[in-house]
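Knowing the structure of chain C, use the given hints to seat chains S and B on it.
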Amino acid sequence: MNKNSSNIMALAPNTSNKRETVCIFGTGDFGRALGHKMIQSGYPVVYGSRSTQISNLIPKDAEVLSHAEAAQKAAIIIIAIQRQHYNFLIPLAEILHGKVLVDISNNLKLNQYPESNAEYLAQLLPGSRVVKAFNTVSAWALQSGTLDASRQVFVCGDDVEAKQMVMNIVRALSLTPLDKGSLLAAQEIENYPLQLFPIWKFPIFLSLGLTAFFFFYCLALDVIYTYIYERNNFSFFIAITIPNRVCPVMALILLALVYLPGIFAAIIQLYRGTKYRRFPDWLDKWMLCRKQLGLIALAFASLHVVFTLVTPMRAFVSWRTSKGIISQVLNNKTEPLSNTNAWISDSYLALGILGFFLFVLLGITSLPSVSNNVNWREFRFVQSKLGYLALILCTAHTLVYGGKWFLSPSAYKWYLPNIYILALIVPCAVLVVKFVLIFPCVDKPLTQIRQGWERNPKHSEQSNYIINKSAV
Amino acid sequence: MNKNSSNIMALAPNTSNKRETVCIFGTGDFGRALGHKMIQSGYPVVYGSRSTQISNLIPKDAEVLSHAEAAQKAAIIIIAIQRQHYNFLIPLAEILHGKVLVDISNNLKLNQYPESNAEYLAQLLPGSRVVKAFNTVSAWALQSGTLDASRQVFVCGDDVEAKQMVMNIVRALSLTPLDKGSLLAAQEIENYPLQLFPIWKFPIFLSLGLTAFFFFYCLALDVIYTYIYERNNFSFFIAITIPNRVCPVMALILLALVYLPGIFAAIIQLYRGTKYRRFPDWLDKWMLCRKQLGLIALAFASLHVVFTLVTPMRAFVSWRTSKGIISQVLNNKTEPLSNTNAWISDSYLALGILGFFLFVLLGITSLPSVSNNVNWREFRFVQSKLGYLALILCTAHTLVYGGKWFLSPSAYKWYLPNIYILALIVPCAVLVVKFVLIFPCVDKPLTQIRQGWERNPKHSEQSNYIINKSAV
Amino acid sequence: MNKNSSNIMALAPNTSNKRETVCIFGTGDFGRALGHKMIQSGYPVVYGSRSTQISNLIPKDAEVLSHAEAAQKAAIIIIAIQRQHYNFLIPLAEILHGKVLVDISNNLKLNQYPESNAEYLAQLLPGSRVVKAFNTVSAWALQSGTLDASRQVFVCGDDVEAKQMVMNIVRALSLTPLDKGSLLAAQEIENYPLQLFPIWKFPIFLSLGLTAFFFFYCLALDVIYTYIYERNNFSFFIAITIPNRVCPVMALILLALVYLPGIFAAIIQLYRGTKYRRFPDWLDKWMLCRKQLGLIALAFASLHVVFTLVTPMRAFVSWRTSKGIISQVLNNKTEPLSNTNAWISDSYLALGILGFFLFVLLGITSLPSVSNNVNWREFRFVQSKLGYLALILCTAHTLVYGGKWFLSPSAYKWYLPNIYILALIVPCAVLVVKFVLIFPCVDKPLTQIRQGWERNPKHSEQSNYIINKSAV
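Chains as they are written, first to last, in UniProt numbering: chain C, 1 to 472; chain S, 1 to 472; chain B, 1 to 472.
Pulled out of the complex, with its shape left as it was, chain C reads as follows (with noise of 0.2 Å):
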């Protein structure tokens, strides 16, 4: 029903609605869409415009008058022009005293003028009430219904009364509103529809930089190294060898990064003996994309857990599988079951199952609607708890999977180390610093101080307010 209701939903009759007459400057796409939304929900439209004639594209039902004649019917009214035409506002300055101006125009670029538009329209007209709103909403999505995307209208404003009317307004067109404050979040929620994943932004950048090592890395060791010396022309390992060393890798460091900023935040705390100081800058802005940085680990193991199913199915696997039993068949000797290959091989899969399992877990948990169904105490017992053991499972499967190379003096192509050991760098360092921490001597002087204790509370005398993030 919500798909296509709007296309079947009726006018609203007359005679018996009480919802008052909205004014709306500007009939382009945007304010066409939204009066036609409006009338539909049950509100009077009169449109301002400069010519009253380009009627034809105009909702049916609306009135469309001169900009002054129509302010003067509503107590709303929806500012739908662009930002360089404001000017012509200022004339009906009157005329638009005490009004509620709804300021719904975007920007072409992030912070493209020194003020948002909706402060340059409170200056422009200071005895109006601005409001700004609607900016997130795409008019195709108001009009087709389908709303796939968001159906949160971010509203502010300095007036509270004139933001709960737009709010009214906002939730009987079936959309969500959330309050951002004063008309100075304006600015954020004009960049807001202008931003491309921003929080994501550093953690993907960091996944491709590693991504793009490790993979020539790799390219080296396994590709051009055996070229060279071996005279084996494996250039196909491009396609899956390599990306199945690489994705695993990603995963298990990436991982072992959404647990090393907590590490370092108690570090920290613990120097310090006081949890009212601000953390850098840099742990503060990791520990905010935290979550981030475990989906995107979440993405590299699940390539890997597919890369490594496929493998039986690849020529390559079942040339070398041919080869091994013909040359036992040929040599007459069958080669018996050796009980430690059995083990080893069948406890780095169990681990890596688990591990992977419970890494999944989480992805789930983190979905907005299941993590809103949770306490705070379960939310950190699954984050917290769930996820360390991930990480023990991940590097425990590493370490079973890659310890016969350790000691293999044939592992160290060129001197260099394989990729295994490098990758066990981080993990490792995050669990023995974590195992440390657990201790009661430390564990200790460390809940007193998140519980507010201070060793030298001097130190709190200098510092700003601040919760310190390192709570979870």
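Be aware that a few hints might be false.
Okay, derived cross-link-like pairs now, DSSO-like style, lysine-lysine, Cα gap no bigger than 27 Å in a straight line [claimed, not checked]:
1. S/K404 x C/K60
2. C/K323 x S/K109
3. C/K333 x B/K323
4. B/K323 x C/K385
5. S/K404 x S/K333
6. S/K444 x C/K323
7. C/K333 x S/K333
8. B/K109 x S/K333
9. B/K333 x C/K333
10. C/K109 x S/K444
11. S/K333 x C/K323
12. B/K323 x S/K323
13. C/K385 x B/K291
14. S/K109 x B/K444
15. C/K285 x B/K444
16. B/K434 x B/K413
17. B/K404 x S/K323
18. B/K201 x C/K323
19. B/K323 x B/K413
20. C/K323 x C/K404
21. B/K73 x S/K323
22. C/K404 x B/K73
23. B/K285 x B/K385
24. B/K404 x B/K323
25. C/K333 x C/K404
26. B/K285 x S/K60
27. C/K323 x B/K333
28. S/K201 x B/K60
29. B/K323 x C/K444
30. B/K285 x S/K109
31. S/K109 x C/K201
32. S/K323 x C/K333
33. S/K385 x C/K109
34. B/K323 x B/K385
35. B/K201 x C/K385
36. S/K333 x B/K333
37. S/K434 x S/K323
If we take Cβ atoms under 10 Å as the criterion, some of the chain B residues that face chain C in the derived model are [claimed, not checked]:
38. R151
39. T176
40. Q195
No lab work stands behind these hints, which were simulated from the structure alone.
Model, not experiment: these values are computed from the prediction.
Glycine included, every Cβ here is placed at the ideal spot set by N, Cα and C.
Just chains S and B now, with coordinates in the frame of chain C:
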């Protein structure tokens, strides 16, 4: 807590409670469940009933009176009786004058009556303020407090104030009201609980039809042909081999069908030179079910992945592998590794894995709670850019895998093309036309048209107002 | 934007702000975090504190006064102090008369005190209007603005108007208020943040118990028996082989346990001839945790799928395969393809894949954001019809896979039945009884009973009002 709270939740003491009394006409299942829930939320409830005897099933704290007496005690009266019995309300018209009547009735089939029950009620009692609500909630869900299904309550009515009163009750019962406009929307709201995935209907029937066609196509070529001409009984292909041929074909075709209507829309807009004219109806409908087509395509792709991954576990496959190895041994000839084969096998696997990975990403972002947290630009980036990338990867996967059969005459059993060739027609067409459309000489006028420019402004005079749905 | 907005969000200018002053008693972590957030949302905040000196940690724009002075400035007072110190409020009773007191306290363990903190506060200050709120939100989440966990704020109180005022503040802080009724609900709300997945407890303990039992059962039959009687050390079976036997058994049994209570309910209703009597308590509880049982079953099924798919990668399996091929070569006899084996192997794989596919579909529709978008009929269709289909497919998968062992005497080591036979008892029983229940001669009276018909209406006289939970 959401789950079992209502069982524990205490009834409000009478002393300080300021909620207004609610009257319920009818003591059936739903009337009782609603009354019970309202009492829990602090509303005094009075039942209107023909007989005041059958009180043992009614919530303890509720009063039971005659209809007239009960109605006088409350401003809001919930009509929990069936449409057939609405007539008996006519004698009460005077008492009900000005009261808010909440119609909660449902019908047994879609569009059972010419007008909705709520409109019928409003006609019978023109002096009352009728509001449609609560019909989408089940008595069982209300009572048990589990509410695993939807918490949304659609509300509509001509009187805004009456609607607000009802929506406040909805909120007090921990449900989410959704304002659907005037009483004309009641028909749609009454049809809603009777619907069984209406927007899924066309995509599912299309998929079933195509699946059946491809299944019998494969059955003819792979099982029947082989049986007739080669005397091999491969009937067990029905279980895995053929489904694993049909699934990828379906996934690829359906994914291409997601992007085909956008192509059509662009061509139509370019041809017409304006976006201010309605698309043909079939295109409109097609565009509204793109998400469903995409999700069904994802289901087929997932099945294809699992069917492929179990391949090495199949008795037939291990028999074929053994046979190959044994024949190599007996002929005393070891086949060398073909670099070309290794490249082909590895690259179609890698392409498929990456395509499927993007496909799953598209599926996750179409989850309501995820798409609610992205802005319009991010949503379009994922659904359009990543979607096309997934289509390209999946098409390449099929091309590399099936490529060797295109030119081989043995692949044309009964002069019919192999199924891979059929699968590639739509996706290749979509990709070729899309490639043409992104050329600057085509893209520039199209962008202008979508921004509102018209080649021949006269056209718009004839058209109704509509924003073309090709904006995505 | 949701993530880091609060850091950037500007404080509201004093000029045009019309929000009412809020007073906060207590300058602890939570009091400060809440005050900070309120100032960001435009509320003037005044702190009541014993000492007005420790002002350096308090938000800059807040005033700090004595308790009495602060209380006089605001209509809403947030009590951010611990229950033990509530006594000191008694001298302020006169000033606090008629004010809205918001109790935000939490306890350290479930049901720590006989009455909830909020009720205790209401007893101490009978003239004040106590509202319970905010206790489910963490100070850290409020301050950092991340709010990855729940945004829901449970609110309860006896005074409707006071509750509305608090809920407006909750909304202004971008949180979602949820009205839980009168102050008697405070105990439950105070227990909420202390809970750790309460409805998951029984399903998880049941699963752990059954898993342990089946694990040791398999260990005895597969590892110990083999070691004693066949002198084979298969200890490495512990890593993959045994888990992959336990997981599918658990998944099947738990899935059957999801549908078993519905069967019991139907039988009880048929026997009693009425739906107006409460089910036994164990059945009620069982029914409320069906979703959790189903999700745990899905987890086991997923593990089974991955454990199965890694089979070809196991050292033991490739050793066994090689041994088989080599023995064929050495005996110079090539085994022909057994059509029956191919059929059995392919069909149990296909049945399992389809069953798992439906199972995953059930899991996805139980995500809160998906189930919110389907109506009651659709939800029942998926959970009941598709659920039974999944159960049938999974049972058939096990029957076809394990079928050959039923009649083979070698499968009965130590006279104990194979684990597959144990696994099939519950699902087969459920399916057989369900099959009986859908016969018209049984289904018709059951449907009548569920629509309210009673065989022996006297019964209802004794019963309290309850809608039986078997409706689903």
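Results of checking the hints against the structure:
Simply put, S/K404 and C/K60 have alpha-carbon atoms about 60 Å apart, too far for the 27 Å limit, and the pair is violated. A hinted pair counts as satisfied when its Cα atoms are at most 27 Å apart, and C/K323 with S/K109 does not qualify at roughly 67 Å. The suggested pairing of C/K333 with B/K323 holds, with an alpha-carbon distance near 11 Å, which does not exceed 27 Å. Proposed proximity of B/K323 and C/K385 is contradicted: the alpha carbons are some 44 Å apart, above 27 Å.
For the hint pairing S/K404 with S/K333, the CA-to-CA distance comes to about 25 Å; that is within 27 Å, so the pair holds. The straight-line distance between the Cα atoms of S/K444 and C/K323 is roughly 58 Å, outside the 27 Å bound, and the hint therefore fails. A distance of roughly 18 Å separates the Cα atoms of C/K333 and S/K333; the hinted pair therefore holds under the 27 Å criterion. Restraint check: the Cα-Cα separation between B/K109 and S/K333 comes to about 75 Å, which exceeds 27 Å; the hinted pair is violated.
This hinted pair checks out: B/K333 and C/K333 have alpha carbons roughly 18 Å apart, not beyond 27 Å. Between C/K109 and S/K444 the CA atoms are separated by roughly 20 Å; this keeps the pair inside 27 Å, and the hint holds. Restraint check: the Cα-Cα separation between S/K333 and C/K323 comes to about 11 Å, which is no more than 27 Å; the hinted pair holds. The straight-line distance between the Cα atoms of B/K323 and S/K323 is roughly 14 Å, inside the 27 Å bound, and the hint therefore holds.
A distance of roughly 24 Å separates the Cα atoms of C/K385 and B/K291; the hinted pair therefore holds under the 27 Å criterion. A threshold of 27 Å between alpha carbons decides the hint, and for S/K109 with B/K444 the separation of about 21 Å falls inside it, so the pair holds. For the hint linking C/K285 to B/K444, the alpha-carbon distance of about 64 Å lies beyond 27 Å, and the restraint is violated. As the CA atoms of B/K434 and B/K413 are separated by approximately 33 Å, the hinted pair breaks the 27 Å bound.
Between B/K404 and S/K323 the CA atoms are separated by roughly 25 Å; this keeps the pair inside 27 Å, and the hint holds. Distance check on the hinted pair: B/K201 and C/K323 sit about 52 Å apart at the alpha-carbon level, beyond 27 Å; violated. Proposed proximity of B/K323 and B/K413 is supported: the alpha carbons are some 25 Å apart, at most 27 Å. Distance check on the hinted pair: C/K323 and C/K404 sit about 23 Å apart at the alpha-carbon level, within 27 Å; holds.
Taking the CA atoms of B/K73 and S/K323, the gap is near 90 Å; set against the 27 Å cutoff, the hint is violated. Between C/K404 and B/K73 the alpha-carbon distance is near 72 Å, which puts this suggested pair outside the 27 Å criterion. At roughly 23 Å between alpha-carbon atoms, B/K285 and B/K385 fall within 27 Å of each other, so this suggested pair holds. At most 27 Å may separate the alpha-carbon atoms for a hinted pair to count; B/K404 and B/K323 meet this at roughly 23 Å.
Taken as a hint, the C/K333 and C/K404 pair is honoured in the structure, with Cα atoms around 25 Å apart against an allowance of 27 Å. Distance restraint check for B/K285 and S/K60: the Cα-Cα separation of roughly 24 Å lies within the 27 Å cut-off, and the hinted pair is therefore satisfied. Proximity of C/K323 to B/K333 is assessed by CA-CA distance (about 20 Å); at most 27 Å being required, the pair is judged to hold. Simply put, S/K201 and B/K60 have alpha-carbon atoms about 59 Å apart, too far for the 27 Å limit, and the pair is violated.
Under the criterion of a C-alpha separation no larger than 27 Å, the hint pairing B/K323 with C/K444 is inconsistent with the structure, at around 58 Å. Among the hinted pairs, B/K285 with S/K109 is inconsistent with the structure: their alpha-carbon atoms are about 34 Å apart, more than 27 Å. Our distance criterion of 27 Å between C-alpha atoms is broken by S/K109 and C/K201, whose separation comes to about 51 Å. Of the supplied pair hints, the one linking S/K323 and C/K333 holds, its CA atoms being roughly 20 Å apart against a limit of 27 Å.
Restraint check for S/K385 and C/K109: satisfied, since their Cα atoms lie roughly 20 Å apart, inside the 27 Å limit. Distance restraint check for B/K323 and B/K385: the Cα-Cα separation of roughly 46 Å exceeds the 27 Å cut-off, and the hinted pair is therefore not satisfied. Straight-line distance between C-alpha atoms of B/K201 and C/K385 comes to about 17 Å, which keeps the hinted pair within the 27 Å bound. In summary, the hint linking S/K333 to B/K333 is supported, as the alpha carbons are separated by about 18 Å, within the 27 Å threshold.
Between the alpha carbons of S/K434 and S/K323 the distance comes to roughly 47 Å, so the proposed pair goes past 27 Å and is violated. The restraint placing B/R151 at the interface with chain C holds, with a minimum CB-CB distance near 6 Å, inside the 10 Å limit. Because the closest C-beta pair between B/T176 and chain C is about 8 Å apart, less than 10 Å, the hint holds. Among the interface hints, the one on B/Q195 holds; its C-beta lies about 6 Å from the nearest C-beta in chain C, closer than the 10 Å criterion.
Comparing the model with each earlier hint shows violations of hints 1, 2, 4, 6, 8, 15, 16, 18, 21, 22, 28, 29, 30, 31, 34, 37; every other hint is respected.
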